[in-house]
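Participant: Sequence:
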Amino acid sequence: MSMYIPVFIVVLSNTFYHICAKSIPEEINPFAALSVTYLVGAAACLVLFFVTQSSHNLFAEYRHLNWSSFVLGIAIVGLEAGFIYMYKLGWNVSTGQLVASTLLAIVLIFVGWLIYHEILTAEKIIGILICMVGLYFINK
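Taking the numbering used here, the leading residue of the sequence shown gets 59, the next gets one more, and so forth.
Calculated directly from the structure, the hints in this document are not laboratory data.
Ideal Cβ positions, reconstructed from N, Cα and C, are used throughout, including at glycine.
Everything hinted at is true.
Calculated lysine-lysine pairs in the DSSO-like style (CA-CA distance at most 30 Å, straight line):
no.	residue 1	residue 2
1	198	182
2	146	198
3	80	146
Listed next, with one range per pair, are the computed distances between beta-carbon atoms:
no.	residue 1	residue 2	range
4	179	90	38 to 48 Å
5	83	150	13 to 23 Å
6	115	180	43 to 53 Å
7	183	112	43 to 53 Å
8	123	173	18 to 28 Å
9	60	133	23 to 33 Å
Produce the complete structure using the sequences and hints provided.
Facilitator: What follows is the structure in structure tokens.
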């Protein structure tokens with residue numbers, strides 16, 4: 059059961075994420091809105107750090123950082139700005155996320171194969187083809 063709790067958190071958070079991204083006012087620059095989003099997110103992270111960490115030494119934790127946290131920050135800005143712009147350009151919340159996630163899943167199959175040496179099976183290739191057919195029908 060505990061294996062599904064993170065999945066539940068991802069689905070619930072992603073649901074609110076897309077509702078909020080679609081609800082960003084048309085008049086505001088997405089990056090101004092995201093600056094407030096990140097301030098709230100940073101405050102939430104600090105509170106959760108102190109709630110979940112027994113040592114409470116944040117700077118000691120920072121010594122374990124590598125490049126990934128910095129690149130992840132840039133990737134998150136791109137991800138969120140991309141969705142906000144998608145919705146501002148008229149994508150439906152029901153299909154925009156589905157199209158992006160399907161394309162992402164296809165890309166990640168190849169990333170897993172090329173970088174992490176995951177096995178690329180005939181079933182995965184068939185799955186990619188089915189996804190592409192699905193994208194055709196969703197966007198028709």
